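> Chains as they are written, first to last, in our numbering: chain F, 189 to 533; chain E, 80 to 439; chain B, 52 to 309; chain L, 52 to 309; chain Z, 3 to 354.
These aren't lab readings, by the way, just hints derived from the structure by calculation.
Since this is a predicted model, take the numbers as computed values, not measurements.
Hints are not guaranteed to be accurate.
[Unchecked claim] Each computed DSS-like pair below joins lysine-lysine, with the alpha-carbon atoms no more than 25 Å apart:
| hint | chain 1 | residue 1 | chain 2 | residue 2 |
| --- | --- | --- | --- | --- |
| 1 | F | K526 | B | K69 |
| 2 | E | K161 | L | K162 |
| 3 | L | K195 | B | K281 |
| 4 | F | K264 | Z | K92 |
| 5 | E | K161 | L | K169 |
| 6 | B | K246 | B | K181 |
| 7 | Z | K307 | Z | K31 |
| 8 | B | K69 | L | K195 |
| 9 | Z | K242 | Z | K100 |
| 10 | E | K161 | L | K168 |
| 11 | Z | K304 | Z | K347 |
| 12 | L | K281 | L | K69 |
| 13 | L | K190 | B | K69 |
| 14 | L | K162 | L | K195 |
| 15 | L | K281 | F | K526 |
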Amino acid sequence: MTSSPPPDFSTSEPPPSAPKGQVSAEQPKQSSLKGNSRLGDGLFFGLSAGSGILLLAIMAAIAAFLIWRSGIAISKDQTNFFTTFGWDPDNILKPSFGIAVLAFGTVVSAGIAMVIAVPIAIGIALFISHYAPRRIAQPFAYLVDLLAAIPSIIYGLWGALFLVPHLNGLNSWLNDYLGWTYVFKLSQSGAPARSLFTVGILLAIMVLPIITAVSREVFRQVPRMHEEAALALGATRWEMIRTAVLPFGRPGIISASMLGLGRALGETIAVATVLSSSSVLSLHILDAQGGTFAQNIAAKFGEAGSLGKDALMAAGLVLFVITLLVNGAARLIIARRKEYSGANA
Amino acid sequence: MTTATAVADRRPIPQLNHSLTAARLPRWAPAGVAGAAIALGCAIGVGAGLKSHLQWGLIAALLFVVISFGLSAKVEGTRQAKDRLATSMIWVAFILAVIPLASLLFYTVQQGIGVVNGDFLTHSMRGVVAASGPGGGIYHALVGTLQQVGLATAMAAPVGLFTAVYLVEYGRGTLAKVVTFFVDVMTGIPSIVAGLFVLSVWNIALGFQYSGFSGSLALAILMMPVVVRSTEEMLKLVPNELREASYALGVPRWKTILWIVLPTAIGGITTGVMLAIARIAGETAPVMMLVGVWDSINANPFVGSQESLPVFIWQQYSQVNDQYGYARAWGAALVLIALVMGLNLIARGIARWRSPKSGH
Amino acid sequence: MAKRIDVSGLSAYYGGTKAIEDISMTVEPRSVTAFIGPSGCGKSTFLRTLNRMHEVIPGARVEGKVLLDDENLYGAGVDPVAVRRTVGMVFQRPNPFPTMSIYENVVAGLKLAGVKKKSVLDGVVESSLKGANLWNEVKDRLNKPGAGLSGGQQQRLCIARAIAVEPEVLLMDEPCSALDPISTLAIEDLIGELKERFTIVIVTHNMQQAARVSDRTAFFNLAGVGQPGKLVELDDTQRIFSNPSVQATEDYISGRFG
Amino acid sequence: MAKRIDVSGLSAYYGGTKAIEDISMTVEPRSVTAFIGPSGCGKSTFLRTLNRMHEVIPGARVEGKVLLDDENLYGAGVDPVAVRRTVGMVFQRPNPFPTMSIYENVVAGLKLAGVKKKSVLDGVVESSLKGANLWNEVKDRLNKPGAGLSGGQQQRLCIARAIAVEPEVLLMDEPCSALDPISTLAIEDLIGELKERFTIVIVTHNMQQAARVSDRTAFFNLAGVGQPGKLVELDDTQRIFSNPSVQATEDYISGRFG
Amino acid sequence: ACGSDNNTTASTSPASGGSSAAAISCASKQASLMGAGSTAQGNAVDVWKAAYGTACSGTQISYNGVGSGAGVAQFNQGKVAFAGTDFALKSTDVDASKQVCTGGGQAIDLPMVAGLVSIVFNVQGVDHLTLDGPTTAKIFDGQITTWNDPAIATLNPGVTLPSAPIQTFHRSDDSGTTYNLTSYFAKTSGGAWTAPASKTWAGKGGQSANGSAGVSAQIKQVPNSIGYVELSYAQNNSLKSASIKTGASKPVDPTAANAAITLGNSTVVGTGNDLALQLDYGTSAENAYPIVLVTYEIACDKGNKADTLDSLKSFFNYMASDSGQQAIASKGYVPMPSAISTKVKAAIGNLS
Ligand SMILES: Nc1ncnc2c1ncn2[C@@H]1O[C@H](COP(=O)(O)OP(=O)(O)OP(=O)(O)O)[C@@H](O)[C@H]1O
Ligand SMILES: Nc1ncnc2c1ncn2[C@@H]1O[C@H](COP(=O)(O)OP(=O)(O)OP(=O)(O)O)[C@@H](O)[C@H]1O
Ligand SMILES: [Mg+2]
Ligand SMILES: [Mg+2]
Ligand SMILES: O=P([O-])([O-])[O-]
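Chain F on its own, in the form it takes in the complex (with noise of 0.2 Å):
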């Protein structure tokens, strides 16, 4: 059946007023169900679309100048890309470099930062949302955000400053009692923590206020109805958080671990500052060696010849391709709940 409207009708969009509400006398009220609302909306998603096609313009753009920039530089390596641990591209002679120790480096002090920022976030998050007086949890909030306010810098600073001397004891005593696990085993006693292990510390810092920020609202945002029906099931408030606040905050906590991983995974300067950068892999993470990608940007980027630079670039797609891996398998793991998804409630 054709559906074109009465030609009286096609102009104007319904008045939507009744001046005197709808009890008042009929008011004659002209329609269409043909209306012009698509004008705003084709704008409204013009405007979405085309800024989701902008940011993929730029990124694919960056990815291709890296694509670009990496090819050069990897057919001109002598060595193998992924397992030589040394740094030398402007080499003339043989340029050879690997990113072996980097991407140890990177993982290695990034996973430790998760590893501690997570749960800490999550602790203050919740202790902000659902634990804290409500005159001290707001002032608290600022307080945390006041961290994400730091300079990269200052991190820098205060870590090789203050947390590594303050660290060299809790070194020792983990190679002491915990260097039969290899891993926390010190090569070299006595010289100062400028280690991954710091270095992961430092980041679970420096991520701590993004995952707390993020998360934080995501507890606010959960119905109270939910948190209801679990406390009248006789929930203690832990188990309310569990059955309640936690499954509905989970894809937004993993979102806001991501966005903490990569600072974490991206920070330069603070771990530039801080680390006792080497082309040694160690598994030894309290020893001072090893490397991460941006730190090695940091490093090498002022002296670098045109190779070097290009070099630095193929380094800078591998973190890419990391950081891709890890957000691949987050989206992967929400999406398998996407239908659980706490907007339903």
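Based on the hints, put chains E, B, L and Z with the ligands in the right spot on chain F.
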């Protein structure tokens, strides 16, 4: 109706203890345990000759968690004990967060407060030999940071917000998947890579010179994924029934998003944007590469180099590197933190003004 | 003003599952049509197909035709927004906007449609809230959040919000289920008034309510679990309650209120 | 098992506003007590004070005493968690956990109590869902999200969830308002069975339901808008509906269903 | 709008080059000058631009310490008027510069700022330490690991050295400082240092730190440590520096005067206006401190940008002038010996 009778054959439900006043620890128990744990922690610290006070604290925290759990498990039963465990762990998390926070803040204030005064805030470094003594200020850097961050936010926040809106409200197809994919990758871009990209495209290929604006381009790239992802999460939590209620009133989708969905999520969105601003306001490497340095006031972000606070801090620390440089660096850090916090407060004020009214 | 609704061969799906099947019926203008039937038989689903709200659920889709005065709601070029402006709806579960005060909740539809004049809005708020029998309870706290009301108050607020935009057809999904008898009476009275000008469809589990307010009653049922719901019969309310032509209808009605 | 509830001089506040005032009553064990009264008079609020759910709302507070077999719920040393485990509740608005499947929703309470054995849980799921008259509709999709059910199904799911933990007292806030007659009947039958062992309090707007299921009925009312709600009278249901001692009760009941 | 560039009152110590304002002849056509590159000369340029800016208020100068390589790259991209570098230009850099230096010009090296690398240490109870090439190389290469090692003890009779392990610190970033130190090792370690001179650290063991600032901070903080930084960092952070035993009669202290002697003996290896220097790290001349460094300014010999050429020449002239060189001496730099600065001045005159 026959089904209802099925309930009649009740199975014995295992051990549901129905006493209202199960044995409980006294109200002062947590405080008492905390005190005992701290005392013990210190005792062990002294006894074992542990130098780092951090360790003392960690031991005390651990003791606190373990003792309250053990005590509660014995007196109150496992469910209460678990609840107490969670509570004490959350308090420990809180304290663990307070330590570095307090330390960092104390450190920064202590080191920086000495130089922060009217002159410092209203003068540039022009004509000052930084390495020889005090003097000069950060006004030029303050201007630069505000402009660069402002420009970056003006570019990235709308794009990020709209992208998140697209992903949550519209996106179901391939485009959404691809955008999501790239946003994810974007979260991990080291700032210096973003800087290099802008340098290659904007400054080298297109031939633009140093300017605050080219720095803000890189900052915008760094900011977008944070805005997108945090906003996305917040929008996802807006109950669908609110959208439906709005649609049913004949409100077009875009108005629903603008006036119903976004306001409901405004608190979280603000937090996300502020996080992103905080992050880029502290960036050094790309700004140095794209904006350069400048010791005088340049209020035009589109022409010529500018200073920015992180770059100023970096220079004073790494290059000037004497007591005066340090003092200026910490002073600038203090101002930068205060600046971001000020913005945060303002944004929250605005957000609260439009955010969900309380109620259940 | 009031419009006739003509449904033919309508089926609705949630993803792969068919929730209702092959429904055809006519809803007369200026009348109240009640939908009754057991829980889960698809009354809400069907109701939502009448103003294209069904399709906002991801994966949900509709087959068939719904004519509103000869115009197919599902025809090409039809704007669902215009449809919903014409066909208003009150939901089964009260859902006031949490970011808005009581006042703002009521005028939300108007404001978003561009009405700004304070005097007009004030008038609408008062008349709508009075229509929904809520005015006296909230007139002193119009600026308080809508979410802080009791369940029944919230539902009446949602009714006020829906009638404030003066739709031509009003779909109500168990509007009185959370209401006390006094408010229920007020709403029923309101329905009686509104039907002078609008077409009204109401889902209810309360047979007496259906008997009281509706001119015609449609009985839905489903053949079995997992089966889609179907329209069993639609007839004058009086007939349905006194002398239904299908046995299932009689069973359902008498099963309870025999 | 079943416990007597003795309320004396109870008032409840939301922040500064008093919502109910000075309520004293006794709820007999092994019986069904119905609360009726106009919307907003504080029935839900009062109900929530009986298992200390009121206090979870920020700023809300209670004065007075509630004795459960001589033990004051608000006495020192009483654990609200233990109270709620003993006094279960079904809410006015269905609120299944959106992140859980139907199965998980039903066993949520038991799992919290530490019951892990699959066979026990399976048994409880079946019997609870049957008790709530939902089993047939969902037995094939126990692992689907609870939020994908119809309104009535969701409410029955919540009832199943509440009875799965076998509380000694069960508070039901308009449990049947979203239900069709068949489910309503099933729930009423269930209530009839449960009262053999438990104490049941039910809020309802349906006078007939109150008359059908309850042994005693309490009528609440409020003097005017902004005034706190009060208990007007509590008596045997039959008395209340045939010959109430207070005029207001008579007015309320007859005003509608006279 | 409420801020001010005027620091004459705000600054308690006026720019120290101010007194030499008379030596500055401003450009007839003043323009803003941007430079970028080596961090080692950052403070020197800072001093100069302050003095120069006071005299010639129409010329604003900025210098971005991004590193030598990045500075040269920016120069070759035409983003800056001059670059500072710790290394003489490579032929590839010179080729690339032909794009920017129009009219057949190319980039040239002008040695403008000199300095020295101090071996800094933090050992309790030890105020003076003497080291020589092989011992220093072995310490930094992890071959000598304790302070009371006989090799160190022999060089320091009468000094009580602790038995503590040596904590060595080197640069984690690529650096001209490292290059000069390892050049010294390559020349004097007698085979103990096997790697060629390089701006990338190639020794074994020890810890690394970012920038001279990072190394200084570690030396200050960590007991029994040793590292290497430019003189100014040693001075600013009050670090103790070792004397170097060369072939000379007595160990040489790390002072500007002693470094100037070594510099004076260096030879120009650049051609034409390019004044790249070859330093003699193996010097055994009396009082010649061997670990010196020279940083260059890079500009086009021909084809500098027309609008900045005047200012560039004027600024360079001031840098190379005696008063300019004296102005940076107090900041831990080594004034360029006149043998070199004369050639530099001549080369500046030829810039076009
Ligand atoms: N969002 C959804 N996703 C999947 N299935 C759904 C969804 N909503 C409803 N259903 C299913 O569709 C069928 C019809 O549901 P509908 O809500 O229309 O029933 P109803 O007649 O309104 O019931 P009630 O009287 O309980 O409200 C039910 O089997 C229900 O489980
Ligand atoms: N969270 C809240 N904050 C403030 N006031 C509230 C809140 N919840 C309820 N009230 C108010 O308390 C009074 C009693 O509400 P209550 O929900 O107990 O009513 P009720 O008798 O259950 O009504 P209904 O039958 O509509 O559910 C009402 O005036 C209501 O507006
Ligand atoms: Mg329904
Ligand atoms: Mg209620
Ligand atoms: O000046 P450098 O940073 O290269 O030592």
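> Which of the listed hints are not met by the structure?
9 and 15
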